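Letter by letter, the chains look like this.
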Amino acid sequence: MKQIGMTCIIDDDPIFVFGAKRIMEIANFSKSVMIFNNGKEALDNLKSIITHDEDVPDIILLDINMPIMDGWQFLDEFIKIKTKKAIKVFVVSSSIDPADLKKAKKYEIIEDYILKPISVEKIKNIYKNLSKL
Amino acid sequence: MKQTLLNTYSPDEAICLFNFVQEEATIGTWEVDLNTMQTTWSHVTKQIHEVDIEFEPNVDSAILFYKEGYSRDTITKLLKNCIEKFEKFDTELQIITAKGSEKWVRAIGIAEIKNGKAIRVCGAFQDIDEKTKVSKKIALREEQFRKTFESARIGMGIVSLDGKWIKVNDSICNMLGYTQTELLSIPYADITHSEDFGISNRALSKLIKGKSDSFEIQKRYIHKNGSIVSTILSIALVKNDVGKPIHFVYQISNITKIKKAKEKVNHLLEISEKQNKRLLNFAHIVSHDLRSHYSNLDMLLNIMKIDEPQATKNNIYPLIKDAIQHLGETLDSLNQVVILKSSAKISTASINLSDALKKSISSVNALVLKNKAIINIDIDKNLTVFAVAAYLDSILINLLTNSLKYKSPERQLQIDISAKKEGNYILINFKDNGLGIDLKLHGDKIFGMYKTFHNHKDSKGLGLFITKNQIEAIGGDINIESKVNVGTSFLISLKT
Numbered sequence: 001m002k003q004i005g006m007t008c009i010i011d012d013d014p015i016f017v018f019g020a021k022r023i024m025e026i027a028n029f030s031k032s033v034m035i036f037n038n039g040k041e042a043l044d045n046l047k048s049i050i051t052h053d054e055d056v057p058d059i060i061l062l063d064i065n066m067p068i069m070d071g072w073q074f075l076d077e078f079i080k081i082k083t084k085k086a087i088k089v090f091v092v093s094s095s096i097d098p099a100d101l102k103k104a105k106k107y108e109i110i111e112d113y114i115l116k117p118i119s120v121e122k123i124k125n126i127y128k129n130l131s132k133l
Numbered sequence: 001m002k003q004t005l006l007n008t009y010s011p012d013e014a015i016c017l018f019n020f021v022q023e024e025a026t027i028g029t030w031e032v033d034l035n036t037m038q039t040t041w042s043h044v045t046k047q048i049h050e051v052d053i054e055f056e057p058n059v060d061s062a063i064l065f066y067k068e069g070y071s072r073d074t075i076t077k078l079l080k081n082c083i084e085k086f087e088k089f090d091t092e093l094q095i096i097t098a099k100g101s102e103k104w105v106r107a108i109g110i111a112e113i114k115n116g117k118a119i120r121v122c123g124a125f126q127d128i129d130e131k132t133k134v135s136k137k138i139a140l141r142e143e144q145f146r147k148t149f150e151s152a153r154i155g156m157g158i159v160s161l162d163g164k165w166i167k168v169n170d171s172i173c174n175m176l177g178y179t180q181t182e183l184l185s186i187p188y189a190d191i192t193h194s195e196d197f198g199i200s201n202r203a204l205s206k207l208i209k210g211k212s213d214s215f216e217i218q219k220r221y222i223h224k225n226g227s228i229v230s231t232i233l234s235i236a237l238v239k240n241d242v243g244k245p246i247h248f249v250y251q252i253s254n255i256t257k258i259k260k261a262k263e264k265v266n267h268l269l270e271i272s273e274k275q276n277k278r279l280l281n282f283a284h285i286v287s288h289d290l291r292s293h294y295s296n297l298d299m300l301l302n303i304m305k306i307d308e309p310q311a312t313k314n315n316i317y318p319l320i321k322d323a324i325q326h327l328g329e330t331l332d333s334l335n336q337v338v339i340l341k342s343s344a345k346i347s348t349a350s351i352n353l354s355d356a357l358k359k360s361i362s363s364v365n366a367l368v369l370k371n372k373a374i375i376n377i378d379i380d381k382n383l384t385v386f387a388v389a390a391y392l393d394s395i396l397i398n399l400l401t402n403s404l405k406y407k408s409p410e411r412q413l414q415i416d417i418s419a420k421k422e423g424n425y426i427l428i429n430f431k432d433n434g435l436g437i438d439l440k441l442h443g444d445k446i447f448g449m450y451k452t453f454h455n456h457k458d459s460k461g462l463g464l465f466i467t468k469n470q471i472e473a474i475g476g477d478i479n480i481e482s483k484v485n486v487g488t489s490f491l492i493s494l495k496t
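Top to bottom, those sequences are chains A and B. Residue 27 in this note's numbering is what sits at position 27 of the first sequence, and the numbering runs on without skipping anything. Residue 82 in this note's numbering is what sits at position 82 of the second sequence, and the numbering runs on without skipping anything.
By construction, these hints were calculated from the structure, which means they are not laboratory data. Watch out, some of these pointers could steer you wrong.
[What the hints assert, rightly or not] Some, not all, of what chain A presents toward chain B, calculated at C-beta under 10 Å: (1) Asp-13; (2) Asn-37; (3) Ile-64.
[As the list claims (entries may be wrong)] Here are the simulated DSS-like cross-link-like pairs (lysine-lysine), alpha carbons at most 27 Å apart as the crow flies: (4) Lys-21(A) with Lys-313(B); (5) Lys-239(B) with Lys-262(B); (6) Lys-103(A) with Lys-313(B); (7) Lys-381(B) with Lys-21(A); (8) Lys-420(B) with Lys-370(B); (9) Lys-102(A) with Lys-483(B); (10) Lys-84(A) with Lys-128(A); (11) Lys-67(B) with Lys-31(A); (12) Lys-103(A) with Lys-85(A); (13) Lys-103(A) with Lys-31(A); (14) Lys-211(B) with Lys-122(A); (15) Lys-122(A) with Lys-105(A); (16) Lys-262(B) with Lys-274(B); (17) Lys-102(A) with Lys-31(A); (18) Lys-122(A) with Lys-381(B); (19) Lys-128(A) with Lys-305(B); (20) Lys-114(B) with Lys-131(B); (21) Lys-124(A) with Lys-305(B); (22) Lys-421(B) with Lys-370(B); (23) Lys-381(B) with Lys-495(B); (24) Lys-495(B) with Lys-103(A); (25) Lys-124(A) with Lys-359(B); (26) Lys-219(B) with Lys-239(B); (27) Lys-122(A) with Lys-67(B); (28) Lys-102(A) with Lys-124(A); (29) Lys-321(B) with Lys-21(A); (30) Lys-103(B) with Lys-124(A).
Just so we're clear, the structure is a prediction, and the values are computed from it rather than from any experiment. Glycine included, each C-beta is placed from N, C-alpha and C at the ideal position.
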């Protein structure tokens with residue numbers, strides 16, 4: 001099973017980040033992981049990474065409710081950045097508000113909406129779906 | 001004048017003129033010679049009495065023409081006084097003519113005195129029937145208006161063309177706390193709310209210019225005690241026979257209480273809207289923030305199981321795992337309630353009841369088999385209900401799982417589901433032979449939030465609350481009949 005090169009987690013919750021990293025390790029999901037604590041931090045850093053053509057992530061696991069810049073605001077800016085390779089975005093949120101689910105469907109860049117809690121099975125499913133693409 | 005006029009005519013001509021005047025003015029003459037008691041009526045007098053020209057009156061028969069009672073008594077007395085005390089009389093009385101019709105007449109009498117004794121009484125006799133009837137009618141109308149005006153519960157006032165009170169009724173006085181005299185003398189500005197000053201004046205000038213006949217405005221007056229009196233003021237312009245404006249009629253209804261009540265209602269509405277928003281906000285916090293903590297707990301437990309398997313091999317770990325799973329389920333149920341309460345628009349469709357029920361049963365089939373339940377369905381295959389498909393499914397599954405959860409350990413569970421059409425509704429009877437609920441104890445809170453009635457491990461207390469809300473959201477109704485240890489029947493009506 002081929003690994004994903006670089007996964008980017010954008011989430012303000014350290015417990016989630018800790019758990020997600022560990023679960024990805026267990027699932028042998030990704031070679032490396034980069035973490036940002038909110039949309040703004042992620043956007044600034046990703047812009048710079050993409051311009052300098054450094055370690056551009058393959059997928060982004062994006063939380064919705066975050067301080068400073070939330071997931072939607074991040075996406076609205078992020079889709080304006082031109083990238084050489086397609087970056088897949090997965091929304092990973094604990095929100096079961098139908099409004100959020102509905103909104104997610106409007107973004108072409110969003111591959112899927114994954115409801116927290118995440119588990120080894122769910123992470124493995126992401127990989128399976130990516131392989132199909 | 002009369003003398004001069006008559007003098008220019010010959011005696012015959014004068015008599016002719018005299019008769020002419022009598023006829024035109026319907027004034028007749030009469031006289032009684034008190035010596036001979038000979039009574040003479042003029043032509044017109046006879047006409048008024050509707051007797052033949054040959055009729056020969058006498059005092060007694062003349063008096064008998066007067067209407068019995070007041071009229072006859074009065075004329076008898078007046079005539080007596082005229083003869084004995086030489087008192088003139090001029091009165092209006094009623095007679096009954098020879099043809100039986102009632103008439104108002106004016107009778108005038110004067111005595112001719114010789115040697116201190118009346119020798120002759122004579123006078124005039126006029127038909128005033130029409131005039132009297134008209135004026136009596138007017139008097140009656142005026143009386144009616146006066147009574148209406150005075151006793152009206154609504155404030156009424158007559159206002160001059162230049163905007164001054166001419167007359168006010170008691171209701172206005174009570175409304176504004178002034179006496180009639182006070183109200184007529186104080187300036188209009190003193191009883192008008194400063195912000196509303198001038199609005200009625202502008203309207204009055206419009207009325208006078210003939211732009212409209214009446215109008216209605218909301219106007220605030222000031223009570224003698226300083227408080228504001230909110231009113232609806234209707235003003236009508238009254239014109240005379242030739243269309244010239246005479247005065248205004250004001251009608252004032254006190255709407256202070258209504259207005260205050262309305263303000264209170266609006267205030268309450270505002271509060272409840274705010275609270276509703278706060279509640280939705282709170283619900284959102286529940287659905288998101290609490291859920292994220294639950295997610296973390298669940299995730300960490302799973303990692304623990306993999307990373308620290310030794311730490312999970314005890315009695316406590318599975319209990320924590322259960323507790324967290326229940327927390328997640330409760331949050332999901334709560335979220336359903338939130339969605340139900342916040343989604344204003346729902347789209348209903350006509351759904352086949354029998355099919356929907358089969359689908360719901362199949363999704364809980366594992367539980368049905370595990371509990372060895374018998375389900376009897378008696379529903380016409382053509383019955384349809386108006387519902388949101390997801391709601392109907394949730395309602396049916398909830399009722400099924402309720403019956404399965406709360407079955408009696410003493411007997412095999414049997415669920416009977418029947419439905420019939422009644423008018424525009426489908427009545428569904430959902431009956432089981434389970435534990436039952438003590439309705440005397442719990443009847444009023446059976447469909448409330450967080451009410452559990454059994455010590456069952458899966459009781460979360462939201463099921464029936466959500467079910468009732470879903471049923472009501474699609475215009476239906478749910479009721480319960482239950483006996484402890486006999487079973488429970490849910491009676492549901494849904495639109496068809």
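So, going through the hints one by one against the coordinates:
1. Asp-13: holds (7 Å)
2. Asn-37: violated (15 Å)
3. Ile-64: Hint holds; Ile-64(A) Cβ to chain B Cβ min 9 Å, cut 10 Å.
4. Lys-21(A) with Lys-313(B): holds (24 Å)
5. Lys-239(B) with Lys-262(B): violated (37 Å)
6. Lys-103(A) with Lys-313(B): At roughly 43 Å apart (the allowed maximum being 27 Å), Lys-313(B) and Lys-103(A) break the hint.
7. Lys-381(B) with Lys-21(A): violated (54 Å)
8. Lys-420(B) with Lys-370(B): This hinted pair is violated, its Cα atoms lying about 30 Å apart.
9. Lys-102(A) with Lys-483(B): Violated. Lys-102(A) to Lys-483(B) sits at ~45 Å, over the 27 Å cutoff.
10. Lys-84(A) with Lys-128(A): holds (23 Å)
11. Lys-67(B) with Lys-31(A): violated (128 Å)
12. Lys-103(A) with Lys-85(A): holds (25 Å)
13. Lys-103(A) with Lys-31(A): Roughly 31 Å separates the two Cα atoms, so the pair is violated.
14. Lys-211(B) with Lys-122(A): violated (79 Å)
15. Lys-122(A) with Lys-105(A): holds (19 Å)
16. Lys-262(B) with Lys-274(B): Roughly 18 Å between the alpha carbons, so the hint for Lys-262(B) and Lys-274(B) holds.
17. Lys-102(A) with Lys-31(A): With Cα atoms ~32 Å apart, Lys-102(A) and Lys-31(A) exceed 27 Å; violated.
18. Lys-122(A) with Lys-381(B): violated (42 Å)
19. Lys-128(A) with Lys-305(B): Distance of about 24 Å is within 27 Å: holds.
20. Lys-114(B) with Lys-131(B): violated (37 Å)
21. Lys-124(A) with Lys-305(B): Given pair Lys-124(A), Lys-305(B) holds - Cα atoms ~17 Å apart, limit 27 Å.
22. Lys-421(B) with Lys-370(B): violated (33 Å)
23. Lys-381(B) with Lys-495(B): Cα-Cα ~16 Å, so holds.
24. Lys-495(B) with Lys-103(A): Given pair Lys-495(B), Lys-103(A) is violated - Cα atoms ~33 Å apart, limit 27 Å.
25. Lys-124(A) with Lys-359(B): violated (31 Å)
26. Lys-219(B) with Lys-239(B): holds (24 Å)
27. Lys-122(A) with Lys-67(B): violated (114 Å)
28. Lys-102(A) with Lys-124(A): holds (24 Å)
29. Lys-321(B) with Lys-21(A): Given pair Lys-321(B), Lys-21(A) holds - Cα atoms ~21 Å apart, limit 27 Å.
30. Lys-103(B) with Lys-124(A): violated (116 Å)
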